[in-house]
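Q: Add chain A to chain Y, keeping to what the hints say.
Same order as they appear, the protein sequences are chains Y and A.
To convert, note that position 301 of the first sequence is 301 in the numbering used here; the numbers rise steadily by one, no gaps.
Plus 332 on top of the position in the second sequence (first one is 1) and you've got the numbering used here.
Quick caveat, the hints were computed from the structure, so don't treat them as lab data.
A couple of the hints might just be wrong.
One-sided and incomplete, this derived list gives chain Y residues near chain A with beta-carbon spacing under 10 Å [unchecked claim]:
#1 Asp-57
#2 Pro-59
#3 Gly-223
#4 Leu-231
#5 Ala-235
#6 Val-240
#7 Ala-245
#8 Ile-261
#9 Asn-263
#10 Lys-267
#11 Arg-268
#12 Leu-275
With a straight-line cut-off of 27 Å between C-alpha atoms, the simulated DSSO-like cross-links for lysine-lysine are [stated by the list, open to error]:
#13 Y:Lys-168 - A:Lys-569
#14 A:Lys-473 - Y:Lys-141
#15 Y:Lys-141 - A:Lys-569
#16 Y:Lys-237 - A:Lys-569
#17 Y:Lys-237 - A:Lys-473
#18 A:Lys-500 - Y:Lys-237
To give an idea of the interface, some chain A residues facing chain Y are shown, with a C-beta separation under 8 Å as derived from the structure [unchecked claim]:
#19 Gly-366
#20 Val-452
#21 Val-588
#22 Ser-591
#23 Gly-601
#24 Met-603
#25 Glu-604
#26 Leu-607
A quick note: this is a predicted structure, and the numbers were derived from the prediction, not measured.
C-beta atoms are modelled at their ideal positions from N, C-alpha and C, and glycine is treated no differently.
Protein chains: 2
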Amino acid sequence: MTEHYRRLVLSARPHGMVDDTVVTVETAPIPEPGPGEALVAVRYLSIDPTIRTWMNDVPGYLPPIGLGEVVRSGAVGEVVASNSDHYKVGDVVTGLIGWQEYAVISGGVNVLPAGVDPLVAMSVLGATGMTAYFGMTDVGKVGDGDVVVVSGAAGATGSVAGQVAQRKGAAKVIGLAGDAVKCAWLTDELGFDAAINYKTEHVARRLAEECPDGIDLYFDNIGGEILDICLGQLAMKGRVVLCGAISGYNDEGRPVGPSNIFNLIIKRGRMEGFLILDYFDRFPAAQAEMARWVAEGHMQHKVHLVQGIEAATGALNLLFTGGNTGKVIVEL
Amino acid sequence: MTEHYRRLVLSARPHGMVDDTVVTVETAPIPEPGPGEALVAVRYLSIDPTIRTWMNDVPGYLPPIGLGEVVRSGAVGEVVASNSDHYKVGDVVTGLIGWQEYAVISGGVNVLPAGVDPLVAMSVLGATGMTAYFGMTDVGKVGDGDVVVVSGAAGATGSVAGQVAQRKGAAKVIGLAGDAVKCAWLTDELGFDAAINYKTEHVARRLAEECPDGIDLYFDNIGGEILDICLGQLAMKGRVVLCGAISGYNDEGRPVGPSNIFNLIIKRGRMEGFLILDYFDRFPAAQAEMARWVAEGHMQHKVHLVQGIEAATGALNLLFTGGNTGKVIVEL
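Okay, chain Y solo, but in the shape it has when bound (with noise of 0.2 Å):
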């Protein structure tokens, strides 16, 4: 008898938030690996906010979902069976795999070296992790004597881009969280200088009592107010390194631009996007960096696991609730 598995399709665009009416449950044979190719079970999803602007149909870096496909996502998987001459049996991979129990790959995903944990490759060494990286140095330029304030502080990329300041020599870094427990964890466990917690303080005025000579580095995962309220408060040469704008994935039409935006004249200020795609190639020297910092228990991190793969789209939610601290995985 065939065995079956899980996959979760695409099947309407979604509008706000994402629920079992535009993301459903399909089930199909395990598949058999044709010549050259190799079947993975699935061990761990990641969740990231990337995917929810996959689900739009508007032109990004990456094309849209289609409707019938497969939630694109990054995954942890092990070969299972190969007819391949890249994977063998046992080999933990990583890649696009998405959100599926398993998958049949000829290529495009990468084997873990021996002795990774798939949890830290997830994520301080993964995208969210690398994201934070390149952000804060390549983009942002932190350096000596910075003042940094970080967005979305107690997420995956925002954790991680506090802590690379700290390392590259950040005077202070603040950290604006969503709740008290997350600013607790940023200031006791991370080592923030401070921690703003937006739903319930006066963001502009901690802010200022906090950067009395304004901000050096503004690393925005959330766009919206705060990229305002930071574009405001900009030091002399001030950047503002655009990571991601949470606050307007789930949105419909127009966002509303940051008024603020002419202040980077006035500060001779720069703001500037960047994806992660475009660093791959620079991986392997930021991921020795970044490893040896884990190692020497100068950058922590937590992951946030979710059970089951049914369990997905709502921990792809959990992102724009405020909901998780650190890293979203799913673990199948």
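A: Below, chain A alone, put in the same frame as chain Y:
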């Protein structure tokens, strides 16, 4: 009998366009220069959008003009009496002399080299020309093959900026201006590849036609809706140089920000502001290069002369109504 002179002072904070309720004429005796001082008879006033921003009581890159103070402005004059070791009678000097017929100076203004046309010194080789030069080269990093869009293209800065782009290897230069005569001047005399009349044409559609592969460099003099359109049509690694935001200088309240700002992420784009103040020490080399282009006929410019100090207020408003082509200068 003591002779008198006129000066224009800021007597109230303006709302919107400036008129004689906020800028009023004063008459005073022509002063005698004291020890170390010289008396300047002012010949030309440089009329620039930034003057309007100095009239607001908000912090900027220079302090606001105080109520009762002479309106701050670049000017060119001639030394007519001197007790200074630095200035001799007959010297032509340039600096922030203000809207007045006479001024006593002790320093802070520069002597124009003999043979330099004051009108060229105030336009192509002055602050507006230098703004165009450094904005295009140092901030915008204009280079071979770039598709460049300039707004306010018939203005003193925009008209020079487009030509600097051409001299520095741009593949295509498109100017936006507010009437057909200006557009014809851009294409027929300055050699722009295309001009778009933003008042009568569909800017987004025309830009998409002219820049099918997107905009590599947008030199923004006006802000507002056109900035938003250009952000939405950036090419990969596109740059936006924020030079000014004329469209909002007379507005009250918070300006509307550009909603396409997050295209900077998708396109790995950069938006950067600058002020020409930071480039004073690099003026000589830039002026030498620009003067060579002028001499070779590769840098056209136009001066919009207005007569009489009492016309200065109206001349300033021309910049915001689009009533000028090229550099606005008041001749006293």
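Q: Next, verify each hint and record whether it holds.
A: Hint-by-hint comparison with the structure:
1. Asp-57: Violated - the Cβ of Asp-57 of chain Y stays beyond 10 Å from chain A, reaching only about 15 Å at its closest.
2. Pro-59: 8 Å, holds
3. Gly-223: OK, holds: Gly-223 of chain Y within 10 Å of chain A, min 7 Å.
4. Leu-231: 9 Å, holds
5. Ala-235: Violated - the Cβ of Ala-235 of chain Y stays beyond 10 Å from chain A, reaching only about 13 Å at its closest.
6. Val-240: Where the cut-off is 10 Å and the nearest Cβ of chain A is about 9 Å from Val-240 of chain Y, the hint holds.
7. Ala-245: Holds, because the Cβ-Cβ distance from Ala-245 of chain Y to chain A comes to roughly 5 Å (cut-off 10 Å).
8. Ile-261: 5 Å, holds
9. Asn-263: 8 Å, holds
10. Lys-267: Cβ of Lys-267 of chain Y sits 7 Å from chain A, so the hint holds.
11. Arg-268: 5 Å, holds
12. Leu-275: Nearest chain A Cβ about 6 Å off; hint holds.
13. Y:Lys-168 - A:Lys-569: Answer holds: Lys-168 of chain Y to Lys-569 of chain A is near 26 Å, not above 27 Å.
14. A:Lys-473 - Y:Lys-141: Holds - the C-alpha atoms of Lys-141 of chain Y and Lys-473 of chain A are around 18 Å apart, at most 27 Å.
15. Y:Lys-141 - A:Lys-569: 17 Å, holds
16. Y:Lys-237 - A:Lys-569: 20 Å, holds
17. Y:Lys-237 - A:Lys-473: Answer holds: Lys-237 of chain Y to Lys-473 of chain A is near 17 Å, not above 27 Å.
18. A:Lys-500 - Y:Lys-237: At roughly 26 Å apart (the allowed maximum being 27 Å), Lys-237 of chain Y and Lys-500 of chain A satisfy the hint.
19. Gly-366: 36 Å, violated
20. Val-452: At about 26 Å, which exceeds the 8 Å cut-off, the nearest Cβ of chain Y leaves the hint on Val-452 of chain A violated.
21. Val-588: 7 Å, holds
22. Ser-591: 4 Å, holds
23. Gly-601: 6 Å, holds
24. Met-603: 5 Å, holds
25. Glu-604: 4 Å, holds
26. Leu-607: Hint holds; Leu-607 of chain A Cβ to chain Y Cβ min 6 Å, cut 8 Å.
Violated hints, listed in ascending order, are 1, 5, 19, 20; each of the other numbered hints is respected by the structure.
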